[in-house]
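Visitor: Spelled out from the first residue to the last, the chains are:
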Amino acid sequence: MPDDANKIADPESNDRNYVVSPLGYPARVLGPGETYETVTDKIATVVLKQPYPKGWWIGFGISFALLMLFLYAVTYLLYRGVGIWGINIPIAWGFAIINFVWWIGIGHAGTFISAILLLVMQKWRTSINRLTEAMTLFAVACAGMFPLLHLGRPWLFYWLIPYPDTMGLWPQFRSPLVWDVFAVSTYFTVSLIFWYAGLIPDLATLRDRAQTRGKQFFYGVLALGWRGSAKHWQRHQSAYLLLAGLATPLVLSVHSVVSFDFSVAIVPGWHSTIFPPYFVAGAIYSGFAMVLNIVIPLRKLYGLQSLVTMRHLNNMANIMLATGLMVSYGYLMEAFMAWYSGDIFEQYMMLNRAFGPYGWVFWLLMLCNVLIPQVLWSRHVRTTPILLFIVALFVNVGMWLERFVIVVTSLHRDFVPSVWRMYYPTVWDWATFIGSIGLFLTLLFLFIRFLPMISISEVRELVAEHEEVEK
Amino acid sequence: MPQLFHRRSNTIARVSILAVVLLVTAGGWLLHASFWSPYMTKVNVPIEQPVPFSHEHHYGGLGIDCRYCHTSVEKSSFAGIPPTETCMTCHSQLYTDQPILAPVRESLATDTPMKWNRVHDLPDFVFFNHSIHVTKGIGCSTCHGQVQKMPLMWKVNTLYMKWCLDCHRDPAKYIRPREEVFNMSWLPPINQLAQGRKLVKDYHVNAKQLTDCSMCHR
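In the order they appear, the protein sequences are chains A and B.
Here the first sequence stands for residues 1 to 471, where the numbers follow our numbering.
Here the second sequence stands for residues 1001 to 1218, where the numbers follow our numbering.
The shape of chain A in the complex, shown without the other chains (with noise of 0.2 Å):
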């Protein structure tokens, strides 16, 4: 191990003069000089430590506010209805569905570092799974939120749950939006578990080092009983596995269930059988574009650049590219059919798309989705943390755009134009979508202040393997 103390002192070196391969790439998924007390203390006096960064208070700080603005736009709509939003018939899926989709697209990459790469062992999974698997839980709660919301009587969504009720009435289970229900609610609950399954010896880890009597008995009942002996790492290993292998279907699952919400409806717009894998490729972009934007962030504040190195950030920028480029194959594919089915429905449905009211959307989107994201092919801007993130800003408005064109372009003119119509998003639209932001930023800002945000049992895996996975 090429040990150099003073790399690890300054973590910022990690970013300038990294190792890198053969072809040029960056190499290593570690930091040069960690080992096992490095990655320990680095990782547990985040949390343990006191007092808290001031960067955090202020991040935490304007994530509690916005909180508070989300609350207050949902009671207001508790209060008066879905009525203050700006949907109308036959705009009737306004930003309550395009949130809904963008959050639950954002939780996908998470799923697909913990569980996917877990099973193609991709070793730089490791240190951003933790983190990326709070995002999707996050991120699934936000979402989950806005079909209920927009229900217009949130107090009756367990209609939704085929249970024994007074009406003698099961759910309509032919309708997607039922299975949305099914899917939404095992992937939160899926993750969850997951997430708490790869917790429970970094639970353990914080429980021996906690200085308190309260944080260590709340870290020891959190960890259950972990003693760290062979055979719980025996078990631990096998359940781990297991979830991933349950896990791994749900990243294709849920959102081509989603995606199913609009195909199997008739509208010019909806009615395609490229949603699917269209969607998850979108779900997977914008996920890893959210990754970036919280990990570049965190990296720099807590200084973990030799933990999430360049590596890392090399690897999630591919992976953007890669969906980036699906993704724009889907629009193309969009185009070229509503062309190719010589159907005036879908012919005027793509015209009015890229040149009808909603216009400037459309090639904002294509602004942001397709062409800034092409950057991506210049290895320069994926080891610069500042241009990727921007990058990564980019394609998250874009994908929200996306939705915005499916469902608000789709909807306002389809076949009969005596029904055509204009929808303005109100102030209670922006306000709680700004505000399901500070829901989600509130949450992760909690997750950072109380949890180990990396994996610190697999990272010292890695030291451990350190030699093979400089390879």
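Honestly, the hints are just simulated from the structure, not real lab data.
Beta carbons: idealized from backbone N, C-alpha and C, even for Gly.
Hints should not be assumed to be uniformly reliable.
[To be verified] Computed Cβ-Cβ distance ranges for the label pairs, DEER-style:
(1) B/Met1215 with A/Pro154: 23 to 29 Å
(2) A/Leu71 with B/Ala1102: 55 to 61 Å
(3) A/Gln347 with B/Met1215: 37 to 43 Å
(4) A/Ser175 with B/Trp1036: 26 to 32 Å
[Stated by the list, open to error] Computed far set for chain B versus chain A, every beta-carbon distance over 12 Å:
(5) Pro1002
(6) Leu1022
(7) Thr1071
(8) Leu1159
Got chain A; can you put chain B on it based on the hints?
Guide: Relative to chain A, chain B alone:
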């Protein structure tokens, strides 16, 4: 440093797994049981009235026809609650000084209707129509039970939508010949299903339509 957790924590942890399962099951059972309990449904709970009017006495004992008081049951959605004048067709002559009937006399004197307490109350978003049910061979007792044995009125059915749908999904189980509709003691014959199917056909009951949402919710 003392041990953080006592030895018994292990047992508590194991038991808590079982406890969660039991609690969830018990919670579900409790919800279900309370929704179907007489406390919620008011089934078999006699309802207090300003005057203890007895269907047992008036219908079961004296044999007054349902339609003498519930005049609009064959013509209207609402079966009709009789005006005080209907009571007075007899009670202007009978038991005229009984204190128990004082509210009825006062109602007539002051020209204000009696305030009966409602026994069968459907939600406002349900458009129930008595006339169609009576005309198509659904008897009074199918829903209201053996009224001739009720000294005070009570519900014998929950009136939950599940209960409505039980018949709307398969009316052959309950339909009876038209001439038996007002017969409170009518009991389904052994061949009810076969006879029911025939009656459904004869009375032109479109059973498929009966479960349309707009049938009851407009």
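Visitor: Compare the structure with each hint and give your call.
Guide: Do the hints match the structure? See the list:
1. B/Met1215 with A/Pro154: 23 to 29 Å: Given about 27 Å between the Cβ atoms, the range holds.
2. A/Leu71 with B/Ala1102: 55 to 61 Å: Hint holds: Cβ distance 57 Å, inside 55 to 61 Å.
3. A/Gln347 with B/Met1215: 37 to 43 Å: Given a distance of about 41 Å, which is inside 37 to 43 Å, the answer is holds.
4. A/Ser175 with B/Trp1036: 26 to 32 Å: This hint holds: roughly 28 Å between Cβ atoms.
5. Pro1002: Violated, because the least Cβ-Cβ distance between B/Pro1002 and chain A comes to about 10 Å, which does not exceed 12 Å.
6. Leu1022: The assertion about B/Leu1022 holds, with a minimum of 19 Å to chain A.
7. Thr1071: Answer for B/Thr1071: holds, closest chain A Cβ roughly 32 Å.
8. Leu1159: Given a closest Cβ separation of 10 Å, the condition is violated.
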